[in-house]
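J.: Listed here are the chains, written in short residue letters.
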Amino acid sequence: MSSSADPGTVERGGIGPADMGAMFVSATIIGIAVAPIMVDAGSPSWVVLAAALFAWSGTGEVAYASVIASGGSTLAAFVASMLVSSRFALLALSLKGRWKASLIERVGMYQYASEVAVANAIDQQARIGPHAARRVFWQLVVPMASGWFIGTMLGLVLGNVVGDTRQIGLDVVFPASFIGTVVTGLKRRDSAVAVVGGLTAAIGLSPILPAGLPILVAAITALGAVAVPPPPPSSHARAEP
Amino acid sequence: MTPIGLGLFVVGLFVLRMFGGFGLAGLIGESDFWNRLLNLLPLSLVSAVVATQVFTTSGLLVLDARVVGIAVAIGLSLRRAPLAVVVIGAAAATAATRALGWG
Chain A
146 MSSSADPGTV ERGGIGPADM GAMFVSATII GIAVAPIMVD AGSPSWVVLA
196 AALFAWSGTG EVAYASVIAS GGSTLAAFVA SMLVSSRFAL LALSLKGRWK
246 ASLIERVGMY QYASEVAVAN AIDQQARIGP HAARRVFWQL VVPMASGWFI
296 GTMLGLVLGN VVGDTRQIGL DVVFPASFIG TVVTGLKRRD SAVAVVGGLT
346 AAIGLSPILP AGLPILVAAI TALGAVAVPP PPPSSHARAE P
Chain B
-1 MTPIGLGLFV VGLFVLRMFG GFGLAGLIGE SDFWNRLLNL LPLSLVSAVV
49 ATQVFTTSGL LVLDARVVGI AVAIGLSLRR APLAVVVIGA AAATAATRAL
99 GWG
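Residue numbers (this note's numbering), protein chains in the order written: chain A, 146 to 386; chain B, -1 to 101.
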């Protein structure tokens, strides 16, 4: 996500309509990619739509569907999807105290805490302040949630038409949507340790541990990143009054 | 996914998230250490998800056309391309690589 706000928007923070549109488009594409995987695992259309609307976890759906597709039970699929999605608990935790929120808003924040929205909220909180963090969080959540649901509907229709969605590269859409966050993370020494640690742990442990666990272990590498001294405040914090 | 599976999935995810936001968050105090950890945690998670999605298939390390797509995404991101361009560029590069017969 580009953080280059034009001068007029620096104080309020947040992102422009173009970035919100991009988020909508990429969430739509992800929905298109994931829905057919759920259908292949024998899910009725209404179940796929309800899962998209209420559970809000593409990776969780993919994990669930792949266990079912390889002959696993409902319970095994449930456990796998919870393992893969367990990072959402940590993402919700990372929103702790970012801005003052009512109980209802907090439930919404935790329900919709995704990697991109949380990472951008943290970035804007550091550079501009809590209001900007809140703004950018919801500015990302709304197009992501609506795009994801609309994409799921399209995927239910398109799935059978496209056939193998890998042929048109849809399996790379989901990770590609995170690349901006990863690249930005590499620009500071401490966050670069978090990025490289996460990448290495996931690649190294995926062949050994069940799906989902490598991602949890990767979270531990953030501890190593904390040990790296942060850059001086002046380099990343815009002067606050 | 059966209707029972759907119920488990939706409720399970909701409980996980609320546990993270209200439960775990209540257990930790205010300190520099925790603030920095919570700032860096999402980056570790994002990176791990990317690595898993690009380099593995059902728990096996696999090097295939997805790598080409991600390389294109990195190049486009460095040039500050809009997110939609990054995503569509990555998919197109992956599709083209597969059309050429690899991965």
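Hints are not guaranteed to be accurate.
Computed list of lysine to any residue pairs in SDA-like fashion (alpha-carbon distance at most 25 Å, straight line) [what the hints assert, rightly or not]: (1) K245(A) <-> G73(B); (2) K241(A) <-> M16(B); (3) K241(A) <-> G10(B); (4) K241(A) <-> P275(A); (5) K332(A) <-> F17(B); (6) K241(A) <-> S29(B); (7) K332(A) <-> G161(A); (8) K332(A) <-> F53(B); (9) K245(A) <-> L228(A); (10) K245(A) <-> T219(A); (11) K241(A) <-> I365(A); (12) K241(A) <-> V13(B); (13) K332(A) <-> A356(A); (14) K332(A) <-> G73(B); (15) K245(A) <-> F53(B); (16) K241(A) <-> V9(B); (17) K241(A) <-> G73(B); (18) K241(A) <-> E28(B); (19) K241(A) <-> F12(B).
Hints listed in this document are in silico derivations from the structure and should not be mistaken for laboratory results.
J.: Each hint: holds or not?
T.: Outcome of the hint check:
In summary, the hint linking K245(A) to G73(B) is not supported, as the alpha carbons are separated by about 38 Å, beyond the 25 Å threshold. A C-alpha spacing of about 12 Å is found between K241(A) and M16(B), which places the hinted pair at or below 25 Å, so the restraint holds. In summary, the hint linking K241(A) to G10(B) is supported, as the alpha carbons are separated by about 21 Å, within the 25 Å threshold. A threshold of 25 Å between alpha carbons decides the hint, and for K241(A) with P275(A) the separation of about 12 Å falls inside it, so the pair holds.
About 32 Å separates the Cα atoms of K332(A) and F17(B), which puts this hinted pair outside 25 Å; it is violated. The suggested pairing of K241(A) with S29(B) holds, with an alpha-carbon distance near 12 Å, which does not exceed 25 Å. The straight-line distance between the Cα atoms of K332(A) and G161(A) is roughly 23 Å, inside the 25 Å bound, and the hint therefore holds. Taking the CA atoms of K332(A) and F53(B), the gap is about 23 Å. The hint holds against a cut of 25 Å.
Between K245(A) and L228(A) the alpha-carbon distance is near 30 Å, which puts this suggested pair outside the 25 Å criterion. A C-alpha spacing of about 40 Å is found between K245(A) and T219(A), which places the hinted pair above 25 Å, so the restraint is violated. For the suggested pair K241(A) and I365(A), the alpha carbons sit about 18 Å apart, so the restraint of at most 25 Å is met. Proposed proximity of K241(A) and V13(B) is supported: the alpha carbons are some 17 Å apart, at most 25 Å.
About 29 Å separates the Cα atoms of K332(A) and A356(A), which puts this hinted pair outside 25 Å; it is violated. For the given pair, K332(A) sits about 15 Å from G73(B) by alpha-carbon distance, which is consistent with the 25 Å threshold. This hinted pair does not check out: K245(A) and F53(B) have alpha carbons roughly 39 Å apart, beyond 25 Å. Note on K241(A) and V9(B): the hinted pairing holds, with a Cα-Cα distance of about 22 Å set against a maximum of 25 Å.
Under the criterion of a C-alpha separation no larger than 25 Å, the hint pairing K241(A) with G73(B) is inconsistent with the structure, at around 33 Å. At roughly 10 Å between alpha-carbon atoms, K241(A) and E28(B) fall within 25 Å of each other, so this suggested pair holds. Of the supplied pair hints, the one linking K241(A) and F12(B) holds, its CA atoms being roughly 17 Å apart against a limit of 25 Å.
When held up to the earlier numbered hints, the structure conflicts with 1, 5, 9, 10, 13, 15, 17 and fits the remainder.
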